[in-house]
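Sequences are here, hints too, so could you generate the full structure?
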Amino acid sequence: MNNFGQNIYLTDSNYVVVEADESDGTVFKLNPKILIYLNVDKEHLDYYKSYTKLKAKIKTYIKKVSKNSLVILNNDDIFLQKLSNISKNIITYGKSIKSNFYYKINKLTEKDSNFDFFQQNEKKITKIKSPLLGEHNIQNLCAIMAVIKNLNIQISNKHIMSFKGIQRRMNTLGKIKNSILVDDYAHHPTEIQKLIEVCKLYKNKDFFLIIEPHRFSRLNDLYSDYLKILKNIKNLIILKTYSAGENFDKNMKDSKNLVNDLNVLSNNKVSYIDTYDELFKLLDTLVNAKNSKIIVTAGAGSISAQMRFFYESRKY
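Residues in the sequence shown are numbered consecutively from 141, following this note's numbering.
Honestly, the hints are just simulated from the structure, not real lab data. These figures come from a predicted structure and were not determined experimentally. Glycine residues also receive a C-beta, built at the ideal position from the N, C-alpha and C atoms. Careful, some of the hints might be misleading.
Said to hold, decoys possible - FRET-style restraints, in silico, Cβ to Cβ:
{"no.": "1", "residue 1": "Ser383", "residue 2": "Ile148", "range": "39 to 49 Å"}
{"no.": "2", "residue 1": "Gln307", "residue 2": "Thr249", "range": "39 to 49 Å"}
{"no.": "3", "residue 1": "Ser411", "residue 2": "Ile265", "range": "45 to 55 Å"}
{"no.": "4", "residue 1": "Phe303", "residue 2": "Asp161", "range": "31 to 41 Å"}
{"no.": "5", "residue 1": "Lys222", "residue 2": "Asn431", "range": "45 to 55 Å"}
What the hints assert, rightly or not - In silico DSS-like cross-links for lysine-lysine, where the CA-CA straight-line distance does not exceed 27 Å:
{"no.": "6", "residue 1": "Lys238", "residue 2": "Lys289"}
{"no.": "7", "residue 1": "Lys390", "residue 2": "Lys380"}
{"no.": "8", "residue 1": "Lys368", "residue 2": "Lys380"}
{"no.": "9", "residue 1": "Lys199", "residue 2": "Lys235"}
{"no.": "10", "residue 1": "Lys380", "residue 2": "Lys247"}
{"no.": "11", "residue 1": "Lys393", "residue 2": "Lys371"}
{"no.": "12", "residue 1": "Lys304", "residue 2": "Lys267"}
{"no.": "13", "residue 1": "Lys368", "residue 2": "Lys433"}
{"no.": "14", "residue 1": "Lys455", "residue 2": "Lys430"}
{"no.": "15", "residue 1": "Lys380", "residue 2": "Lys264"}
{"no.": "16", "residue 1": "Lys340", "residue 2": "Lys390"}
{"no.": "17", "residue 1": "Lys317", "residue 2": "Lys235"}
{"no.": "18", "residue 1": "Lys433", "residue 2": "Lys315"}
{"no.": "19", "residue 1": "Lys203", "residue 2": "Lys235"}
{"no.": "20", "residue 1": "Lys204", "residue 2": "Lys193"}
{"no.": "21", "residue 1": "Lys345", "residue 2": "Lys433"}
{"no.": "22", "residue 1": "Lys368", "residue 2": "Lys340"}
{"no.": "23", "residue 1": "Lys195", "residue 2": "Lys396"}
{"no.": "24", "residue 1": "Lys204", "residue 2": "Lys244"}
{"no.": "25", "residue 1": "Lys222", "residue 2": "Lys235"}
{"no.": "26", "residue 1": "Lys235", "residue 2": "Lys169"}
{"no.": "27", "residue 1": "Lys247", "residue 2": "Lys228"}
{"no.": "28", "residue 1": "Lys368", "residue 2": "Lys182"}
{"no.": "29", "residue 1": "Lys317", "residue 2": "Lys289"}
{"no.": "30", "residue 1": "Lys343", "residue 2": "Lys267"}
{"no.": "31", "residue 1": "Lys204", "residue 2": "Lys169"}
{"no.": "32", "residue 1": "Lys235", "residue 2": "Lys247"}
{"no.": "33", "residue 1": "Lys371", "residue 2": "Lys269"}
{"no.": "34", "residue 1": "Lys235", "residue 2": "Lys189"}
{"no.": "35", "residue 1": "Lys264", "residue 2": "Lys238"}
{"no.": "36", "residue 1": "Lys251", "residue 2": "Lys267"}
{"no.": "37", "residue 1": "Lys315", "residue 2": "Lys251"}
{"no.": "38", "residue 1": "Lys207", "residue 2": "Lys247"}
{"no.": "39", "residue 1": "Lys193", "residue 2": "Lys343"}
{"no.": "40", "residue 1": "Lys251", "residue 2": "Lys433"}
Structure (structure tokens):
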């Protein structure tokens, strides 16, 4: 958490807030008083073996938790939307006015997000401004507002403006000459798509996206999704796949296949980079060019540490 410079913050509060995911199934052992589900996507299929099995597991868990606890679901997620009526203890949030809590975007910029927050059947409009960028963060804030309303906690926009987000989510490292350097954890196609949407808010700047695919299994399970979201990126560089301990099978596709297929689909030239030394040479060329740009690295492997090293060694 950027506010505290650490990933855990302890207070004497009666509330414990935990972020969890389904990567190894342990999340389903939790028995929360309030459960928020932001989205369900084709992820961790190496563990669940299929998207159908993942969704079945989540549905069972939501049914179980909602018997005695409040469950808050993203009504903009097609799968979660279908689960909203399985219990009276389920409420929804999202862009749709059919949600129990919903929002209307006023303005999105590269500096902040402005939106109106509504509670169904109430006339009051809460105007919210946040330093977190992109509509996906507005959705997340909407979920938090739903929790706050149900706990009868009083907050002001000052509290929302004070939250600076977390590391590796649109994390601006700094500026070198005319280039803004940003690092992000995005490695799933949906995450990368949201990252791209935020980067488009930077007007009058050339956008360079550098991706390090994470796991051969993920790349192959979601290969068509990667092609779909990346084919229209004008300045795209793809690094060697970060294996994360997986062994490469000759029948699998890797980063080179992705680059080759994108170059067939796209009118833009996609570049492949095999080593971090090659990456540094490219970054040196980019930051020394005169045009104003935003350079973004995305991935869950070593790319973050490499980008930070590059910035720290050249920022002076």
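- Hints that the structure is at odds with (numbers, increasing): Hint check: 1, 2, 4, 10, 15, 16, 17, 23, 24, 26, 27, 29, 33, 34, 38 and 39 fail, others pass.
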